[in-house]
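Asker: Sequence:
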Amino acid sequence: METQAIKISTEFIKLDQLLKFSGIAESGADAKDMILDGIVSVNGEVCEMRGKKIRPGDVVLLTFEDGKYQIQVE
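Residue numbering for the sequence shown follows our numbering, beginning at 7 and increasing consecutively.
Do not take every clue at face value.
Said to hold, decoys possible - DSBU-like cross-link-like pairs, simulated, lysine-lysine; straight-line CA separation at most 35 Å:
| hint | residue 1 | residue 2 |
| --- | --- | --- |
| 1 | Lys26 | Lys38 |
| 2 | Lys20 | Lys59 |
| 3 | Lys38 | Lys74 |
| 4 | Lys38 | Lys58 |
Calculated from the structure, these hints are not laboratory results.
With the hints as extra help, turn the sequences into a complete structure.
Answerer: Set out below in structure tokens:
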């Protein structure tokens with residue numbers, strides 16, 4: 007599993023924006039598809055809300071066919 011720490015300077019970042027900011031999604035459409043495909047979980051629960059507010063301390067996990075990718079928000 008590959009892990010990436012993302013530091014934000016605001017109170018929160020929306021889930022789809024986080025996926026773009028981290029470089030996992032190339033565009034907003036890619037982020038939306040990943041979220042709606044059910045491969046994104048936030049703090050251990052599958053999340054299909056692309057506007058979900060992600061705050062420092064939250065952990066986002068993406069499960070792909072070839073592995074897992076984890077983002078820790080600081």
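Asker: Hint by hint, say whether it matches the structure.
Answerer: Going through the hints against the structure:
no.: 1; hint: Lys26 <-> Lys38; verdict: holds (10 Å)
no.: 2; hint: Lys20 <-> Lys59; verdict: holds (5 Å)
no.: 3; hint: Lys38 <-> Lys74; verdict: holds (18 Å)
no.: 4; hint: Lys38 <-> Lys58; verdict: holds (12 Å)
Comparing the model with each numbered hint stated earlier shows that all of them hold.
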